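Here the sequence shown stands for residues 32 to 129, where the numbers follow the working numbering.
Treat the hints as calculated values from the structure; they're not laboratory data.
Possibly wrong hints are sitting among the right ones.
Claimed, not checked - Label-pair ranges, simulated between beta-carbon atoms:
{"#": "1", "residue 1": "105", "residue 2": "50", "range": "32 to 40 Å"}
{"#": "2", "residue 1": "116", "residue 2": "89", "range": "38 to 46 Å"}
{"#": "3", "residue 1": "45", "residue 2": "85", "range": "53 to 61 Å"}
{"#": "4", "residue 1": "64", "residue 2": "119", "range": "15 to 23 Å"}
{"#": "5", "residue 1": "122", "residue 2": "89", "range": "17 to 25 Å"}
{"#": "6", "residue 1": "39", "residue 2": "74", "range": "55 to 63 Å"}
{"#": "7", "residue 1": "34", "residue 2": "111", "range": "50 to 58 Å"}
Treat the numbers as computed from the prediction; the structure is a model and nothing was measured.
The beta carbon of each residue, even a glycine, is placed where N, CA and C say it ideally should be.
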Amino acid sequence: MEYLLALTLSALFTLVFIFFKRKNSNVYKPKALKKEELVESYKAGLLAILEEYKNDSNLQRVEKIKFLKKVNYELSMNIFFDEKEAKDLLQELSRLEK
Numbered sequence: 032m033e034y035l036l037a038l039t040l041s042a043l044f045t046l047v048f049i050f051f052k053r054k055n056s057n058v059y060k061p062k063a064l065k066k067e068e069l070v071e072s073y074k075a076g077l078l079a080i081l082e083e084y085k086n087d088s089n090l091q092r093v094e095k096i097k098f099l100k101k102v103n104y105e106l107s108m109n110i111f112f113d114e115k116e117a118k119d120l121l122q123e124l125s126r127l128e129k
């Protein structure tokens, strides 16, 4: 009898723990925040490339093009950006200079 009571209490505590754990783990960021984080990370990445190759303008241009192609591919697969937003972001990134 005591064994059954202990087993029931253990199962109950486990279920309560799982319920509260699942409830607290579903913290979603707003769509605008996710988009802004992506935009800032792309800008920071491009600025890092421009800084790294600042002494060789030809290599800088080649690396910038490679980066923009990668960003273009990622944006085409991203559900947060429509085609116009992706195009506008790529144009903004292509205008960045260091």
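Verification of the supplied hints:
1. Separated by about 37 Å at the C-beta atoms, residue 105 and residue 50 satisfy the suggested range of 32 to 40 Å.
2. For the pair residue 116 and residue 89, the supplied restraint of 38 to 46 Å is violated, since their beta-carbon distance comes to about 31 Å.
3. Distance hint check for residue 45 and residue 85: the Cβ-Cβ separation is about 58 Å, which falls inside the suggested range of 53 to 61 Å.
4. Between residue 64 and residue 119, the C-beta spacing of about 19 Å keeps the proposed range 15 to 23 Å intact.
5. For the hinted restraint 17 to 25 Å between residue 122 and residue 89, the CB-CB distance of approximately 22 Å keeps it satisfied.
6. The supplied range of 55 to 63 Å is met by residue 39 and residue 74, whose beta-carbon atoms lie about 57 Å from each other.
7. A C-beta distance of roughly 53 Å is found between residue 34 and residue 111, which places it inside the suggested range of 50 to 58 Å.
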